[in-house]
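Q: Letter by letter, the chains look like this.
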Amino acid sequence: MSVPEMFSYIQGFLSADQEIREDIRKVVQVLEQTAREILTLLQSVHQPTGFKEIPSKCQKARELFCTVRTHLGELKTKFPVDQYYRFHEHWRFVLQRLAFLAAFVVYLESESLVTREEVAQILGIEVVREKGFHLDVEDYLAGVLIMASELSRLAVNSVTAGDYNRPLRISNFINELDSGFRLLNLKNDPLRKRYDGLKYDVKKIEEVVYDLSIRGLAKEQEAGGDK
Amino acid sequence: MSSSVISLSSGEGYPRRMKTSQKTDDRDTGDNLTSPVMSAFKVFQQELDTKHDKHERLVKLSRDITIESKRTIFLLHRVTSVPDVEEVLTEADLKLDGVRLNIRMIAEELRGEDLNQFHRAFTPGIQEYVEAVSFHHFIRHRTLISLEEINTKLVFIKEPEDTPEGQQPMGTPQVLTFQVTPTDYLLGVADLTGELMRMCISSVGNGDMDTPFQVSMFLRQIHDGFSYIGNTGPYEVSKKLHTLRQSLSKVEDACYTLKVRGSEIPKHMLADVFSSRTAMMDQDEGVA
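Chain order of the listed sequences is A and B.
For the first sequence, counting from 1, position 227 maps to 227 in the working numbering; every step adds exactly one.
For the second sequence, counting from 1, position 73 maps to 1073 in the working numbering; every step adds exactly one.
FYI, nobody ran anything at the bench for these hints, they're computed from the structure.
There could be a bad hint or two in this list.
[Unchecked claim] Partial list, derived from the structure: chain B residues whose beta carbon lies under 10 Å from chain A:
{"no.": "1", "residue": "GLN1045"}
{"no.": "2", "residue": "ASN1116"}
{"no.": "3", "residue": "ILE1229"}
[Stated by the list, open to error] Listed below are the simulated PhoX-like cross-link pairs for lysine-lysine, each with C-alpha atoms no more than 25 Å apart in a straight line:
{"no.": "4", "chain 1": "A", "residue 1": "LYS131", "chain 2": "B", "residue 2": "LYS1051"}
{"no.": "5", "chain 1": "B", "residue 1": "LYS1042", "chain 2": "A", "residue 2": "LYS131"}
{"no.": "6", "chain 1": "B", "residue 1": "LYS1042", "chain 2": "A", "residue 2": "LYS193"}
{"no.": "7", "chain 1": "B", "residue 1": "LYS1042", "chain 2": "A", "residue 2": "LYS199"}
{"no.": "8", "chain 1": "B", "residue 1": "LYS1054", "chain 2": "A", "residue 2": "LYS187"}
{"no.": "9", "chain 1": "A", "residue 1": "LYS187", "chain 2": "B", "residue 2": "LYS1051"}
{"no.": "10", "chain 1": "A", "residue 1": "LYS187", "chain 2": "B", "residue 2": "LYS1060"}
{"no.": "11", "chain 1": "A", "residue 1": "LYS131", "chain 2": "B", "residue 2": "LYS1054"}
{"no.": "12", "chain 1": "A", "residue 1": "LYS76", "chain 2": "B", "residue 2": "LYS1051"}
{"no.": "13", "chain 1": "A", "residue 1": "LYS193", "chain 2": "A", "residue 2": "LYS203"}
{"no.": "14", "chain 1": "B", "residue 1": "LYS1051", "chain 2": "A", "residue 2": "LYS193"}
{"no.": "15", "chain 1": "A", "residue 1": "LYS193", "chain 2": "B", "residue 2": "LYS1054"}
{"no.": "16", "chain 1": "B", "residue 1": "LYS1042", "chain 2": "A", "residue 2": "LYS187"}
Virtual Cβ for every residue (Gly too), placed ideally from N, Cα, C.
If we strip away everything but chain B, and leave its shape as in the complex, we get (with noise of 0.2 Å):
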């Protein structure tokens, strides 16, 4: 109650003041704990703790899916420079599989959850996925995965023993899927044609005359396809769709060279000419 006197004094700060007072004198903090209201907030405390603790492990999970999936990219990468092709498609297939796993721990945490609560906290890293299956996939087939087929790759057979939280019934196994939506497929494969333009300058540096025209005549169609949806898709589609545009006019520039250049210079010199170009262009970029 001094404290009170003081601050009539001095004139200012006094609800500093009041505040600690009140806390210590007829405000008892420690009847409250029992109160309504108290047990109340106990309820929604640990609602949001197991909601936020589900989420940091799902954004742990996409993080992990990020990492693994851009390794896969990096190492689909080496197929323009190595004689085996289908030895680096079997890696990467190895690969693809250990994130599927973590695919499949997202799954699992989302049972019985709606998948777009938690959207936010695994979207970068599907993407990625996206981004990496689509490309080894176009590696193999030279074709867009289609959504179904992503789809298709991500159910899981559960087998009844090991259900870790045990609620679910024993017995028939249980399918376990994971729907990558839409926007993330589109999202994914708008990051694929970046890849896909680094593979084509890098095997015309190796001397591959094929690839370069397959992988421009396949970016057309995808700038195409997002040139179709426009900006009725979300926001972060247009977005890409200026990085897919700088993508393509890339390729193209290199098939042109190609074709103009292609009579006249050695297939071997021809890697001197197109390093100095995506050199200049990667300037370019920067400047952008």
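Chain A extracted, bound-state conformation (with noise of 0.2 Å):
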């Protein structure tokens, strides 16, 4: 094979590769947006009138995750199945930013942690790298710290809004996340500085409960139930 040939063989194979990650673009870009509306619907819950609201809203929600999950099945019809991670970096924000939105709605929910299963399931997306586009490990942890410094605002906000009980709930769900995320060794990537953001988070949950606790706040609504 002459120099030349090697060449543009070299280069049939990079603007193939080009073509299949403007494909991926495209793709990725409508999921964002639908990602976005999901963020923007739940965002109320901050509102002081939102709280009654919940769980219409999370209905409204797993509405507009049946979008996502056409989306991402779209997107893996435009790569080869074996090479998810060549095009990984392309996906990874839209899916750990969806893994929050999984994650957020279940909390909301039930006030429990999602599992891996729950968010693959939520997104029709497989958790096993063996069966096909499935959600990374790292990108799930990722989407649940997202998650930790949304409730943390939520904890503030329900305060505001006169709910003096759920940041207590909220403060025991975050140090239980806290622990667990203790328990792995993490490297030096993004998920690590995630991480580290998680005790800010912690913190500022912790200064609510006490400000609650201090006023006998929280003990009050305990006992005297809505005010």
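Fit chain to chain and form the complex, with the hints in mind.
A: The following block contains the structure:
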């Protein structure tokens, strides 16, 4: 094979690669749009009036996840099945956002930590790499960490809205999450950087809990119910 | 609880105290160890550790490949100064066989995995190997080794009895392959040009009048190839294109000098002309 032949072969490979990436980018853009819609929808839980609407908002979010599943299904067809990690960078960000949104919805519904399997199910993708388009464990964990900072906001805002009990429950939840993350031996990677932010969320929630308990507000509600 | 009273009077610093007091009272960590969250995280811990370990092993293998490939390249540079070229080539071949054993280990690590997931871990080693093997090929055949030729050398036949994990069914010998990606190939070839430039200059120093012209022809072809790919390739390629231009102009200048002054200077003195010229150029490079 002569030198020019070799280079035109490589060039062919490179432009095929470019085309695939272009296709992926288009689908990812749509996914990002839907993810933003879900986020906007869920942001209303921070409003004083939003607390009562949590179930209906979650219901709506679940409906939007149907669209997400369709787009993810489309994304799967854009590249060879066994080359997930070659193009991983393209959808990594949006997938973490979606994992966060799924985790947030599940938390709002049941106040429990979403499992990786549940997220995969909500997004209509797999857990194990061998089965196809899957949710990488690091992306799942990153999504959970984004949720943690959202919850610290929620703790503050629920106090403003007069719900003094929720911060305590959030605090319990975050503390458990924190001790879970302590089990992991993280390398110096993006996930580690995200995790380093968790302590500020923990701190913030603890401050809220402190403010409530020092004034006896938390107990009051337990005894007297809604005020 | 007394701690919160103290912190209240001191006014600041209560968050830290709060954290410690919470850890000790009702938020019992002992109970947490059996919770579903904790057991889920134990699974994640294992998964992440396995992944990191594999990554580390691959990085180490890659480093070994780099070192051994670099040594092979040094060895190959001796062809300009020894009478028996074939001997050096055979020795280099043996060294490359050793490198291929390492690549085989990478292939074993990657069996059943997605090559792209760990690509970053071993790409430097593979590029260095491409450089060494293409240099070897050029010295012997004066042509560019193709990606296919490289990959056919990286097909390993695995005898059934030495399956280390024992997960695979016994019986027919397994074929283990390693595929160099076109990008790694391209980057390896880009590095090759630097070696060729060095070889060209030192062969002039030894009175070899043909090699410089062959190398310059060859480099020009590669340069044309890279220009053809241009900016469509990965980011690293465009970076290396600059170095390639420098190497090419050094070789072209050398050929020019050889042509112009070759007729008037005796061969043994040409060596001096070139060693001083290259010294000057190296200085240039240092400044730039």
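Q: Tell me if the straight-line CA distance from LYS1042(B) to LYS131(A) falls inside 25 Å.
A: holds, 23 Å
Q: Within a Cα-Cα threshold of 25 Å, do LYS1042(B) and LYS199(A) meet the stated pairing?
A: Given that 25 Å is the threshold and the Cα spacing comes to 20 Å, the pair holds.
Q: Holds or violated: are the alpha carbons of LYS187(A) and LYS1060(B) at most 25 Å from each other?
A: Holds, because 16 Å separates the two Cα atoms, which is no more than 25 Å.
Q: Could you grab the alpha-carbon distance between LYS1042(B) and LYS187(A) and see if it respects the 25 Å cut-off?
A: holds, 16 Å
Q: Straight-line Cα separation of LYS131(A) and LYS1051(B) no greater than 25 Å?
A: holds, 18 Å
Q: Quickly compare the C-alpha distance for LYS1051(B) and LYS193(A) to 25 Å and report which way the hint goes.
A: holds, 18 Å
Q: Given the hint that LYS193(A) pairs with LYS1054(B), does the C-alpha gap stay at or below 25 Å?
A: holds, 22 Å
Q: Does the closest beta carbon of chain A sit nearer than 10 Å to the beta carbon of ILE1229(B)?
A: holds, 5 Å
Q: Between LYS1042(B) and LYS193(A), is the straight-line Cα distance small enough, at 25 Å or below?
A: With Cα atoms ~20 Å apart, LYS1042(B) and LYS193(A) stay inside 25 Å; holds.
Q: Would you mind confirming whether the straight-line C-alpha gap from LYS187(A) to LYS1051(B) stays at or under 25 Å?
A: Distance of about 11 Å is within 25 Å: holds.
Q: Is LYS76(A) close enough to LYS1051(B), meaning Cα to Cα at most 25 Å?
A: holds, 24 Å
Q: Regarding the pair LYS131(A) and LYS1054(B), is the alpha-carbon distance no greater than 25 Å?
A: holds, 21 Å
Consistency note: the structure conflicts with none of the earlier hints.
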